[in-house]
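Engineer: Residue strings, one per chain:
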Amino acid sequence: MKKNIKNKFYPIIFFTALLLIWEGISRLKVFPPFILPSPSSILVSLVTNFTSMQHHVLITLYEAIIGFIIAILLSLTMAIAMDSIIGFKKTLYPILIISQTIPIIIIAPLFIIWFGYGYTPKIVIVTLICFFPITISLMQGLATVDKELIDLLKSMGSNKIQIYKFVKMPSSMPSFFSGLKIAATYSIMGATIGEWVGGKNGLGVYMIRAKQSFATDRVFAAIIIITVLSILLLKIIEFAEKKYMPWLKFSKET
Amino acid sequence: MTKSNILIEVINIKKSFGSLHTLEDISLKLEKNQFVSILGPSGCGKSTLFDIISGLELPDSGKILINGKNYNGKTGRVSYMHQKDLMFPWNNVINNVCLPMFIKGENRKKSYIKAKKYFPDFGLKGFENNYPNQLSGGMRQRAALLRTYLFANDIMLLDEPFGNLDAITRRKMQLWLLGIWDRMNASVLFVTHDIDEAIFLSDKIYLLSRRPAVVREIFNMDIERPRDNKTLTSMKFNKLKEKIITLL
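Protein sequence lines correspond, in order, to chains A and B. Going by my numbering, the first residue of the first sequence is number 10, and it counts up by one from there. Going by my numbering, the first residue of the second sequence is number 1239, and it counts up by one from there.
Derived from the structure by calculation, the hints contain no laboratory data. Be aware that a few hints might be false.
[To be verified] Computed cross-link-like contacts, DMTMM-like style, restricted to lysine to aspartate or glutamate with a CA-CA straight-line distance of at most 20 Å:
no., chain 1, residue 1, chain 2, residue 2
1, A, K156, B, E1344
2, A, K163, B, E1366
3, B, K1354, B, E1366
4, A, K163, B, D1392
5, A, K163, B, D1289
6, A, K156, B, E1366
7, A, K169, B, E1398
8, B, K1342, A, D160
9, B, K1312, A, D160
10, A, K163, B, E1295
11, B, K1312, A, E157
12, A, K156, B, D1289
13, A, K169, A, D92
14, B, K1270, B, D1441
15, B, K1322, A, D92
16, A, K258, B, E1366
Could you put the whole structure together from the sequences, leaning on the hints where they help?
Structural biologist: Structure below.
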């Protein structure tokens, strides 16, 4: 516990110092406020505009969570399929890797053309972004299960489904959760990118409008909300992780 | 001796992995309520033999008969305990122990009730809800043994179950095993490279050679039961030990 406080001490000091310098520069009017608004004015704008932003926040959150859930379901199916059928893995794995080299910002406009300006293209983007880290980490987890545990179950005459149920899935949960944590932080960002490229609602749209009216303080306010939402999702995943895997507390490695 | 007394008959088993000749020619028998040890140098293929008997591996030639029926490559008949305790870290003790019953599709509550009966005898009472990483090495082995017993209690294959324990704990575990074995009504095939352990526990010892392994000698123990610490220093015990040491 003590170590925890100590670990947080340095970043907090550094971050506070950074904010103070920023505030100082803004107060001295080195740059006009529409280029660099002061942290205090951003905070004020966050508070005063919160009611008008609320609606956009909820929509972004909705897209992110739906996309995230679809990504989880898709990853579970794909990773298990690739783990159990070798041909599947050989066929799909290279495509999966190549798909990740395509910048999402380039294909996002395509989704607008295909799926319109509604929720669908945003959800598709979130799913695409989240799908990869979850699938890869789950596959890794499934591939590194202790073979002796599997042999033990086999010697008890268990079938393939039981091997997944009793060994492979529980054993790969730690790496599955690390994939989930990465994906969770990406999900809000993914939704915002989708909205930025084209849409009627959401934080991305809000930011574009704020940018176009040179209300830079509101752009920053939206950024703060995105950060807070991402961290919130991450914390929820971490909470679920502890709840779901109480045994990790007792593992000898830590 | 009637034929029905023979539980396992291993007939002329041969097995190689590529160019590695592991088992040359192994035949052995396990009778009802017998404790039979397979003693041999490390790496002579004892664990391979168990993999074949349990059905995980197929022999190149030879047969495994269990109750007179061919069990080559058929898993799920005998229970098999490895040298490592192989506790599942994500399950608490009771769920670890009940695993074989879950695999057989038995009801969860009934499995718990059945398993809990044995917890005092196996020195695990009060630890039902602990996770394996919270237990000592000896307790983990006892839990693994209970899991093995709950899977199939008539024939158990134990592959150096105490091999990873310190000498003092190991001695305690051997005494404890003899104690409960009397009540368990089980037949045991036991792999070890510890001569004392083999003599102390067994009715019969098959002495294997180095790889490629053959049965070099069969010893029938006539040391009376129940055995205790005094057995270890008795005349009969030491004579047998001397014989085995000269052969190894």
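Engineer: Each of the hints needs a verdict: does it hold here or not?
Structural biologist: Hint check:
{"no.": "1", "hint": "K156(A) to E1344(B)", "in the structure": "violated, 25 Å"}
{"no.": "2", "hint": "K163(A) to E1366(B)", "in the structure": "violated, 25 Å"}
{"no.": "3", "hint": "K1354(B) to E1366(B)", "in the structure": "holds, 8 Å"}
{"no.": "4", "hint": "K163(A) to D1392(B)", "in the structure": "holds, 19 Å"}
{"no.": "5", "hint": "K163(A) to D1289(B)", "in the structure": "holds, 11 Å"}
{"no.": "6", "hint": "K156(A) to E1366(B)", "in the structure": "violated, 26 Å"}
{"no.": "7", "hint": "K169(A) to E1398(B)", "in the structure": "violated, 28 Å"}
{"no.": "8", "hint": "K1342(B) to D160(A)", "in the structure": "holds, 16 Å"}
{"no.": "9", "hint": "K1312(B) to D160(A)", "in the structure": "holds, 13 Å"}
{"no.": "10", "hint": "K163(A) to E1295(B)", "in the structure": "holds, 11 Å"}
{"no.": "11", "hint": "K1312(B) to E157(A)", "in the structure": "holds, 18 Å"}
{"no.": "12", "hint": "K156(A) to D1289(B)", "in the structure": "holds, 14 Å"}
{"no.": "13", "hint": "K169(A) to D92(A)", "in the structure": "holds, 12 Å"}
{"no.": "14", "hint": "K1270(B) to D1441(B)", "in the structure": "holds, 11 Å"}
{"no.": "15", "hint": "K1322(B) to D92(A)", "in the structure": "violated, 26 Å"}
{"no.": "16", "hint": "K258(A) to E1366(B)", "in the structure": "holds, 17 Å"}
Of the numbered hints given earlier, the model fails hints 1, 2, 6, 7, 15; all others are met.
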